[in-house]
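With the sequences and hints as input, model every part of the structure.
2 protein chains.
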Amino acid sequence: MQNTVLTYLEERNFKAIRNSFKDINEIDIAELFQTLFDEEMLERDKFILLFRLLPKDAAADVFSYMDSDMQMLLVSSFTDKELQNVINDLYIDDTVDIIEDMPANLVARIIKSADAETRKQINAILRYPKDSAGSLMNTEYIALRRDYTVRQAIDIIRKLGVNKETVYTLYITENRKLIGVLSLLELLTADDDAIVNDIMDTNVISVQTHEDKEVVADTFSKYDFAALPVVDADNRMIGIITFDDAMDVIEEEATEDFEKMAAVAPSDESYFKTSIFKHAKNRILWLLILMLSATVTGVIISSYDAAFAAVPLLVSFIPMITGTGGNCGSQTSTMIIRGMSLGEIRLKDFAKVIFKEFGIALLCGAVLALVNGVRIFIMYNSDPMVDAILLAVTVSLAIIATVIMSKCIACILPMLAKKLKLDPAIMAAPVITTIVDTCSTVLFFSLATKIFGI
Amino acid sequence: MQNTVLTYLEERNFKAIRNSFKDINEIDIAELFQTLFDEEMLERDKFILLFRLLPKDAAADVFSYMDSDMQMLLVSSFTDKELQNVINDLYIDDTVDIIEDMPANLVARIIKSADAETRKQINAILRYPKDSAGSLMNTEYIALRRDYTVRQAIDIIRKLGVNKETVYTLYITENRKLIGVLSLLELLTADDDAIVNDIMDTNVISVQTHEDKEVVADTFSKYDFAALPVVDADNRMIGIITFDDAMDVIEEEATEDFEKMAAVAPSDESYFKTSIFKHAKNRILWLLILMLSATVTGVIISSYDAAFAAVPLLVSFIPMITGTGGNCGSQTSTMIIRGMSLGEIRLKDFAKVIFKEFGIALLCGAVLALVNGVRIFIMYNSDPMVDAILLAVTVSLAIIATVIMSKCIACILPMLAKKLKLDPAIMAAPVITTIVDTCSTVLFFSLATKIFGI
Numbered sequence: 001m002q003n004t005v006l007t008y009l010e011e012r013n014f015k016a017i018r019n020s021f022k023d024i025n026e027i028d029i030a031e032l033f034q035t036l037f038d039e040e041m042l043e044r045d046k047f048i049l050l051f052r053l054l055p056k057d058a059a060a061d062v063f064s065y066m067d068s069d070m071q072m073l074l075v076s077s078f079t080d081k082e083l084q085n086v087i088n089d090l091y092i093d094d095t096v097d098i099i100e101d102m103p104a105n106l107v108a109r110i111i112k113s114a115d116a117e118t119r120k121q122i123n124a125i126l127r128y129p130k131d132s133a134g135s136l137m138n139t140e141y142i143a144l145r146r147d148y149t150v151r152q153a154i155d156i157i158r159k160l161g162v163n164k165e166t167v168y169t170l171y172i173t174e175n176r177k178l179i180g181v182l183s184l185l186e187l188l189t190a191d192d193d194a195i196v197n198d199i200m201d202t203n204v205i206s207v208q209t210h211e212d213k214e215v216v217a218d219t220f221s222k223y224d225f226a227a228l229p230v231v232d233a234d235n236r237m238i239g240i241i242t243f244d245d246a247m248d249v250i251e252e253e254a255t256e257d258f259e260k261m262a263a264v265a266p267s268d269e270s271y272f273k274t275s276i277f278k279h280a281k282n283r284i285l286w287l288l289i290l291m292l293s294a295t296v297t298g299v300i301i302s303s304y305d306a307a308f309a310a311v312p313l314l315v316s317f318i319p320m321i322t323g324t325g326g327n328c329g330s331q332t333s334t335m336i337i338r339g340m341s342l343g344e345i346r347l348k349d350f351a352k353v354i355f356k357e358f359g360i361a362l363l364c365g366a367v368l369a370l371v372n373g374v375r376i377f378i379m380y381n382s383d384p385m386v387d388a389i390l391l392a393v394t395v396s397l398a399i400i401a402t403v404i405m406s407k408c409i410a411c412i413l414p415m416l417a418k419k420l421k422l423d424p425a426i427m428a429a430p431v432i433t434t435i436v437d438t439c440s441t442v443l444f445f446s447l448a449t450k451i452f453g454i
Numbered sequence: 001m002q003n004t005v006l007t008y009l010e011e012r013n014f015k016a017i018r019n020s021f022k023d024i025n026e027i028d029i030a031e032l033f034q035t036l037f038d039e040e041m042l043e044r045d046k047f048i049l050l051f052r053l054l055p056k057d058a059a060a061d062v063f064s065y066m067d068s069d070m071q072m073l074l075v076s077s078f079t080d081k082e083l084q085n086v087i088n089d090l091y092i093d094d095t096v097d098i099i100e101d102m103p104a105n106l107v108a109r110i111i112k113s114a115d116a117e118t119r120k121q122i123n124a125i126l127r128y129p130k131d132s133a134g135s136l137m138n139t140e141y142i143a144l145r146r147d148y149t150v151r152q153a154i155d156i157i158r159k160l161g162v163n164k165e166t167v168y169t170l171y172i173t174e175n176r177k178l179i180g181v182l183s184l185l186e187l188l189t190a191d192d193d194a195i196v197n198d199i200m201d202t203n204v205i206s207v208q209t210h211e212d213k214e215v216v217a218d219t220f221s222k223y224d225f226a227a228l229p230v231v232d233a234d235n236r237m238i239g240i241i242t243f244d245d246a247m248d249v250i251e252e253e254a255t256e257d258f259e260k261m262a263a264v265a266p267s268d269e270s271y272f273k274t275s276i277f278k279h280a281k282n283r284i285l286w287l288l289i290l291m292l293s294a295t296v297t298g299v300i301i302s303s304y305d306a307a308f309a310a311v312p313l314l315v316s317f318i319p320m321i322t323g324t325g326g327n328c329g330s331q332t333s334t335m336i337i338r339g340m341s342l343g344e345i346r347l348k349d350f351a352k353v354i355f356k357e358f359g360i361a362l363l364c365g366a367v368l369a370l371v372n373g374v375r376i377f378i379m380y381n382s383d384p385m386v387d388a389i390l391l392a393v394t395v396s397l398a399i400i401a402t403v404i405m406s407k408c409i410a411c412i413l414p415m416l417a418k419k420l421k422l423d424p425a426i427m428a429a430p431v432i433t434t435i436v437d438t439c440s441t442v443l444f445f446s447l448a449t450k451i452f453g454i
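Those protein sequences? They're chains H and P, same order as listed.
Quick note on numbering: this note's numbering labels position 408 of the first sequence as 408, and the sequence is numbered without any gaps.
Quick note on numbering: this note's numbering labels position 219 of the second sequence as 219, and the sequence is numbered without any gaps.
Keep in mind that the hints are not guaranteed to be accurate.
Chain copies aren't distinguished; within one or between two, either way the pair holds.
What the hints assert, rightly or not - Using 25 angstroms as the maximum straight-line C-alpha spacing, the simulated DSS-like pairs for lysine-lysine come out as follows: (1) Lys15 <-> Lys348; (2) Lys22 <-> Lys120; (3) Lys348 <-> Lys222; (4) Lys348 <-> Lys273; (5) Lys46 <-> Lys22; (6) Lys450 <-> Lys22; (7) Lys222 <-> Lys130; (8) Lys22 <-> Lys177; (9) Lys22 <-> Lys81; (10) Lys222 <-> Lys81; (11) Lys421 <-> Lys348; (12) Lys421 <-> Lys352; (13) Lys352 <-> Lys278; (14) Lys281 <-> Lys352; (15) Lys273 <-> Lys419.
Hints were generated in silico from the structure; no laboratory data involved.
All values reported here derive from a predicted model rather than from experimental measurement.
Spelled out as structure tokens, the structure:
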């Protein structure tokens, strides 16, 4: 596709480009622009030419799906008139998203080119804290009065609808307070003369402007809404959040969890948009903390130097035992953290979780210990320097104890974090592994010194 | 809430229960049932009584949001008539979901109570493989003819709409082939006499029945649709998938990634619904593989026994060096795997990723090495048994080399897995940690033997 467009552009065959744009989804056109931009396949001053070939009704949509770098380039090439057209065709929440990533001079230009009403609404949304429901919402929605007839309501929607992001959920307000909702489907299938008041649903689920986007995502996942109303503290209707934004939030939340669970400070930007320096900054703090914590394990190992002087072979089992402990711990902590973030596991389930993980640890520990015991016995049985049975028993006991300990630590710590109102995701693999390393080393050497009588 | 209901039930004040049900969202009612069931707060034979108090139009909805155990209990208590009412009020895709979790005798009862048309559609969906687009879809949608006027189309929707899961996207078919889409918004805002053919969008994005749910989730995330049409190989329209099911898929896919990345075999069931035995089964295979792989590191350590006999202190640095390597590797592999699953990182970006990670590794490695070198020098400078400078240099060099090596391994392996058409998620923390353990141990000891001249 990009090559066809480039060829047409070379040939100055603008009609052909215009025609092919008609058959492509706006999102795919935005992706085309993005590829040409990212791979530097087109000079920077040619993009505005290409953008002017877009169908009029697609331009704003295409613009809204681009990366901020591409948007900045275009905004700086737009005439005032062009900028005005694009901004006034955008949904308010998209304009706000765009503005948030732009330098001040371009923001000023964008806000100036919006009409008075749009400008007021943009400013209103910009006032809400980042990641709050208010910052995600769109202030364009359809509000009806309770005394409308179905026929009147349909007429209003047919007249107003084209500028609203979703018309599929209708909100009934009285003195600006949200008193009911009605799906467009319910409206359409009702009698023409029925009154909105009689068919609306008064049991309204909403979020407040200041609530975190996590609450928004959870509410969407729970109730399967196409749109969620946003109200202020007095239940006055302020805006709506649509399911497509909620889907983005759900993905962002998962990405944040992945990052935190890998001991990386979460970042809003995509991998390639983040500089090497920023990436390093996001990772170094946890690496330092964990590195320094790991020295504890080192100190413990050196304190047992008598043991590994007596049976030097013991040292070679450390990586296997600490590794297994770490893996068992990561499995458990990941399951618990994910379960809590999906709402499947709650704090009051603590006892149930411990019981379950203890059972799992017994089963897994037994299998691992058995396999290991047999392997050690076979490997060292003919070695006159080693008491194969004692070694097999020591390592097997250490393994089963390590598995149980690490699974227990890995379910206690995330739940404790939650209890302390911290994000459980910080108690994921890296932290658990470091703690389990220390504990399993102590376990192993204290067992070994007892069993070998060192 | 549950206590109020229980009290009313005790008092046989059914009217009060019926009234309070009217003010609660169906999903919250289902949750109430579920809590009473899970916590065994109500005898099992009382649930059907409670269910009969639901508003008629809410019953099927509430039923569809329950867990399968609760549903089974109800189905076995339903009269034939009740079952019929519930099943014929459910959306087909919900019925299929319910059926998939039930024992054969109840499935037979459910299918028998559906009307002929519903039964046919249920059977059609059941034929598609699990996790395919076909298994997710709903066969109830609104198809229009291209020659309808807007007025005719609106009338049809008003008549048919109530039984369809979404009427907000309309599909135009000809000889059953999908030739266009039209949003209800576009239809409502068009002239009464306009022809559907002239206002429909012929650039239709669809998925095929056999495609994986991952493709479905990606298409939804990319295009922000409220519904996605599902077609067969000949572009014949078969069904639709709605955004709420897509949201569930997006969450499921993320959960699967979390599980795989923690070396747990992914499972469809929630944490508590999975038995201890099943949990252990899902975890033991990777634990065994990783445990046995870790013995390699052990063998390497014992082969360097001359080194740690000469400088016993060396052994105590192993956990810190391998731990740091593992953490650096986990950070990188998590970022790469998540980036690939979001489509931000593609295989052709390989060189860019390696370059970026190398830079990050240099920065992080330098900081970690410096902090460590200084720490070691301070700690051991006054110790006459140790050459503090040599030790600081050795450990610092080992750290920086380990960081670079582990970040490189951690970006190569997931991308290699993708290239080999494996799931990159298996190359996450546990596997990377095990590999990095071995490599960093070798690195450390070969550096140490060289520097200390052992």
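When the hints from earlier in the document are held up against this structure, which numbers fail? 1, 2, 6, 10
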